[in-house]
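Residue numbers (numbering that gives the first Met the number 0), protein chains in the order written: chain A, 0 to 102; chain B, 0 to 283; chain C, 0 to 102.
A hint or two may mislead.
What the hints assert, rightly or not - Here are the simulated lysine-lysine pairs, DSSO-like style, with alpha carbons at most 30 Å apart:
1. A:Lys93 x B:Lys35
2. A:Lys93 x B:Lys71
3. B:Lys122 x B:Lys71
4. C:Lys66 x B:Lys71
5. B:Lys85 x A:Lys97
6. B:Lys47 x A:Lys97
7. B:Lys71 x C:Lys100
8. C:Lys100 x B:Lys163
9. A:Lys97 x B:Lys93
10. A:Lys97 x B:Lys122
11. B:Lys168 x B:Lys71
12. B:Lys49 x A:Lys97
13. C:Lys66 x B:Lys85
14. C:Lys53 x B:Lys85
15. B:Lys71 x C:Lys84
16. B:Lys163 x B:Lys71
17. A:Lys93 x A:Lys36
18. B:Lys93 x B:Lys119
19. C:Lys100 x C:Lys53
20. A:Lys93 x B:Lys47
Rather than coming from a laboratory, the hints here were simulated on the basis of the structure.
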Amino acid sequence: MSMIGNAAFAALLLTSGATQALAASEADFKAAYEAAKTAENRAAALHNRWTTTEVALTTAKTAAAAGDFDAAIAAAKDAEALAKASIFQATSEKERWKDAEIR
Amino acid sequence: MPVQVLILPLLAALALALLVHPAPAADAPNPVADAKAFKTYFATKFPKLKLEDFVNGPYSMSEDMRRQWQEKEQFPPYEFALEAGKQMFATPFKNGRTYADCFPNSGIGIRQNYPYFDEKQGKVVTLELALNRCREANGEALYSYVEDEMASLTAYMAVTSRGKPMNIKIPNDPRALEAYEDGKRYFYTRRGQLNFSCASCHIQGPGERLRAEILAPALGIMNALPIYRSEWGGMGTTSRRLITCNSQTRAVPLDPQSDEYRDLEYYLSYMSNGLPISGPGARP
Amino acid sequence: MASTIRVRATVNGELTEVQTLIRHPMDTGLVKDAQGAIVPAHFIQQLTFEHNGKTVFLADWGPAVSKDPYVKFGFKGAAKGDDLKIRWVDNLGATDTITTKIQ
Chain A
0 MSMIGNAAFA ALLLTSGATQ ALAASEADFK AAYEAAKTAE NRAAALHNRW
50 TTTEVALTTA KTAAAAGDFD AAIAAAKDAE ALAKASIFQA TSEKERWKDA
100 EIR
Chain B
0 MPVQVLILPL LAALALALLV HPAPAADAPN PVADAKAFKT YFATKFPKLK
50 LEDFVNGPYS MSEDMRRQWQ EKEQFPPYEF ALEAGKQMFA TPFKNGRTYA
100 DCFPNSGIGI RQNYPYFDEK QGKVVTLELA LNRCREANGE ALYSYVEDEM
150 ASLTAYMAVT SRGKPMNIKI PNDPRALEAY EDGKRYFYTR RGQLNFSCAS
200 CHIQGPGERL RAEILAPALG IMNALPIYRS EWGGMGTTSR RLITCNSQTR
250 AVPLDPQSDE YRDLEYYLSY MSNGLPISGP GARP
Chain C
0 MASTIRVRAT VNGELTEVQT LIRHPMDTGL VKDAQGAIVP AHFIQQLTFE
50 HNGKTVFLAD WGPAVSKDPY VKFGFKGAAK GDDLKIRWVD NLGATDTITT
100 KIQ
């Protein structure tokens, strides 16, 4: 049998595995946050940001800072969805507004 | 060839043409026609109201509210702001000049002419902007567009114009027409997560309730500004109202006096041409 | 300094109608400012109206009264030209008084 006992070996495997999982989460968060930020910047360029998108971005950042990457990623994905919806709103309203006009 | 054979395809073509709703083309802007349609829309929706009644917002929409408001107007909540504004207006700047030096007719009885299109700069100038430019030109620090000082000043200038008809001009300048069109587009464009446009509440909803508030009609809505809002416990500028309207639909507001807001004020004020200035106003 | 009390008292038949608008923040002490600090309680505690040395109206107020309070009431027994004295005291000990002629 190896130098380190079974239990120790298992523990070693677990720790390395766990660290890998954590690192992946942070990287996942960064990717999700970047995607959300990119979309929000596009919304900003269209002068059409939503307050709720901003709140979701802040929630994501705060959760990440506290190490809760699951919550952070969820919030970042929310933010991305909201930002994309606001972009859709801005682009579709470019023509749709005319439907409402009093003529 | 027999006429009947010709008529059928002709009729079909006509029917088709009528069926296909012509896409709102990029027609030449026609503010005069727009304003007429705007007023007709509201006159039809509220046949019992006279045109000038619309400047009182929700008070023309509810008898009970109107009664309470008229009682309060004997001793209006904006009295303090008015007094402060009058005093501020008369107080000279450090260099000895006053606001009167910046405005036609010494700034008295001119509120109904704002916003106007500055052809030199190619942009819309609102009253709030003009006041701050006056301060800047005389070496004074600018006032916030959303706080008390600007509200008091514009309240005073509004009261000197009470009863005068709104008198917005659109010069024969393509840039002015563009600003007007931009304002119109802003008004009808949905924004914020709640997906409301200004029109959602103020064209579709006047007289209806939004939570506990009765919505005001868009016609005449600029005439009562600035307003003392019980909700704010104080006086608020046009800028403040536009910003809060934005955040209420969950849209991140733009900077006060940004192009969109200036153009919006231009468009809305023009729609209310002929209606009397009723500001400063008091609202729930 | 300008008075915080705006008042108008008019005789109407047997009754004298009084309207008052008082400039006062009426802070409840429960609101936080932008920095998160509590805005200290600052509200009128007592408001009195005196005619011919007699108190015709007395109000004991608390934080439930809104900013810039408005009061309207009527009382009997006064005539045009009489004095009406109004006084308020707040929880910080500040006070203001004004005397007006009944019209």
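Check your understanding: Against which earlier hints does the structure fall short, listed by number upward?
Key -> Violated hints: 2, 3, 5, 8, 9, 11, 14 and 20; rest satisfied.
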